[in-house]
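Chemist: As a plain string of letters, each chain reads:
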Amino acid sequence: MAVLEGAVFAILLTCLLVIIRLYIVVKTGPNYKPGAKGPVAVLVVAGSGGHTTEILRLMESLSAAYTPRHYVIADTDRMSEEKICTFESSRHFDSESQFTICRIPRSREVHQSWASSVLSTLDALRYSLPLVFRLRPDMVLCNGPGTCVPLCVAGLLLGILGMKKVLLVYVESICRVQTLSLTGKILYPLSDYFFVQWSSLRDKYPKSIFLGRIV
Amino acid sequence: MKTVFVTVGTTSFDELIESITSPETVQALKARGYERLVLQVGRGSLLPAADSCPHIRLQAYRFKDSIAEDIKQADLVISHAGAGSCLEALGAGKSLLVVVNDKLMNNHQLEMARQLHMDSHLLYCTCSTLTQTLRTMDLSVLQPFLPGQPKNFANFLDKALGVQ
Numbered sequence: 001m002a003v004l005e006g007a008v009f010a011i012l013l014t015c016l017l018v019i020i021r022l023y024i025v026v027k028t029g030p031n032y033k034p035g036a037k038g039p040v041a042v043l044v045v046a047g048s049g050g051h052t053t054e055i056l057r058l059m060e061s062l063s064a065a066y067t068p069r070h071y072v073i074a075d076t077d078r079m080s081e082e083k084i085c086t087f088e089s090s091r092h093f094d095s096e097s098q099f100t101i102c103r104i105p106r107s108r109e110v111h112q113s114w115a116s117s118v119l120s121t122l123d124a125l126r127y128s129l130p131l132v133f134r135l136r137p138d139m140v141l142c143n144g145p146g147t148c149v150p151l152c153v154a155g156l157l158l159g160i161l162g163m164k165k166v167l168l169v170y171v172e173s174i175c176r177v178q179t180l181s182l183t184g185k186i187l188y189p190l191s192d193y194f195f196v197q198w199s200s201l202r203d204k205y206p207k208s209i210f211l212g213r214i215v
Numbered sequence: 001m002k003t004v005f006v007t008v009g010t011t012s013f014d015e016l017i018e019s020i021t022s023p024e025t026v027q028a029l030k031a032r033g034y035e036r037l038v039l040q041v042g043r044g045s046l047l048p049a050a051d052s053c054p055h056i057r058l059q060a061y062r063f064k065d066s067i068a069e070d071i072k073q074a075d076l077v078i079s080h081a082g083a084g085s086c087l088e089a090l091g092a093g094k095s096l097l098v099v100v101n102d103k104l105m106n107n108h109q110l111e112m113a114r115q116l117h118m119d120s121h122l123l124y125c126t127c128s129t130l131t132q133t134l135r136t137m138d139l140s141v142l143q144p145f146l147p148g149q150p151k152n153f154a155n156f157l158d159k160a161l162g163v164q
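Chains as they are written, first to last, in UniProt numbering: chain E, 1 to 215; chain R, 1 to 164.
To be clear, the hints were calculated from the coordinates, so they are not data collected in a lab. A virtual CB, placed ideally from N, CA and C, is assigned to each residue, including glycine. Worth double-checking, as some hints may not be accurate.
Partial pick of chain E residues on the chain R-facing surface, computed with a CB cut under 7 Å [said to hold, decoys possible]:
id: 1; residue: Ile20
id: 2; residue: Leu22
id: 3; residue: Ile24
id: 4; residue: Lys33
id: 5; residue: Ala36
id: 6; residue: Pro39
id: 7; residue: Arg57
id: 8; residue: Leu62
id: 9; residue: Ala65
id: 10; residue: Thr67
id: 11; residue: Glu82
id: 12; residue: Ile174
id: 13; residue: Cys175
id: 14; residue: Ser208
id: 15; residue: Leu211
id: 16; residue: Arg213
Residues of chain R placed beyond 10 Å of chain E at every Cβ, according to the derived structure [stated by the list, open to error]:
id: 17; residue: Pro23
id: 18; residue: Pro48
id: 19; residue: Glu88
id: 20; residue: Gln132
Please put together the full structure from these sequences, using the hints given.
Modeler: This is the structure we're talking about:
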């Protein structure tokens with residue numbers, strides 16, 4: 001009995017510690033300035049289709065200070081890799097392009113049910129954790145494909161374990177006018193910078209940043 | 001040669017491909033002076049053969065590295081509601097008709113199409129109203145679409161992250 005009580009106590013204590021750490025990690029975002037120390041390593045979650053087009057428009061505007069750039073794409077995606085390579089080769093100001101492309105399983109196909117979405121998201125975590133722990137980016141930039149969630153969770157875990165603060169920068173897709181995407185709803189309380197592109201969303205989500213259309 | 005370019009992006013949208021190649025829709029396109037139809041059908045199960053529509057020059061493919069050239073050559077773009085496709089067509093200054101796929105789970109894409117329609121940047125319809133829309137649409141009411149400003153995002157992030 002004592003062993004059981006001890007185990008329950010240990011589990012509860014661990015949960016409490018994780019929650020406290022998570023709170024601290026999320027709260028320290030605004031004070032964390034990796035750019036002051038040198039180049040900012042970025043993990044870019046490209047996802048698929050329109051998400052890729054949108055995120056590349058954002059990447060286009062970022063200076064060479066955001067180096068290296070690691071792009072994560074879904075393994076069922078065809079167009080994204082080509083788009084990323086075309087984009088990277090057009091960046092003239094880099095003496096040599098510093099980017100990599102990583103593939104992980106797509107966590108939600110368009111016609112997939114919610115139940116199997118949860119399962120494949122958990123499955124994607126198996127690939128996301130080693131990837132993020134190996135790359136140790138300064139920030140994760142994402143804009144809504146299901147693949148974002150496991151990668152951001154992995155980034156948070158680096159912070160919770162005290163290994164590295166990973167800034168989570170989320171840009172809600174321009175196609176969201178009145179409601180956040182499921183990914184947006186999950187990442188709204190967890191992200192350090194949360195951008196929306198329509199004023200109607202800014203009014204509903206006070207923590208969000210609205211700079212007009214940015215893609 | 002007046003051209004219509006139809007794009008479904010990385011997904012599949014068989015219903016649109018079926019509607020656009022139906023005899024009455026092709027007739028509506030001909031009536032408006034369109035003589036060439038280019039289809040990007042994505043992962044759909046339909047890939048119409050070039051000779052399947054006798055009254056219009058038809059060309060269909062699944063994917064290309066870039067659809068920019070097809071958009072550039074088109075006089076009218078008919079697209080699914082995906083943000084990337086819509087923005088690419090509007091960014092190229094093309095008249096855009098968005099066909100909403102009402103069978104998609106939690107059809108959020110309707111939001112942007114509706115908003116851009118309210119702001120007079122595009123026309124929109126569903127597959128069941130496509131033919132009628134093509135017959136009656138007035139492209140001259142469309143307003144030019146100004147590009148978004150990613151530089152504002154970059155400036156904000158530079159400041160927030162302390163980038164020199």
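Chemist: Looking back at the hints listed earlier, which ones does the structure fail to meet?
Modeler: 1, 2, 3, 6, 10, 14, 19
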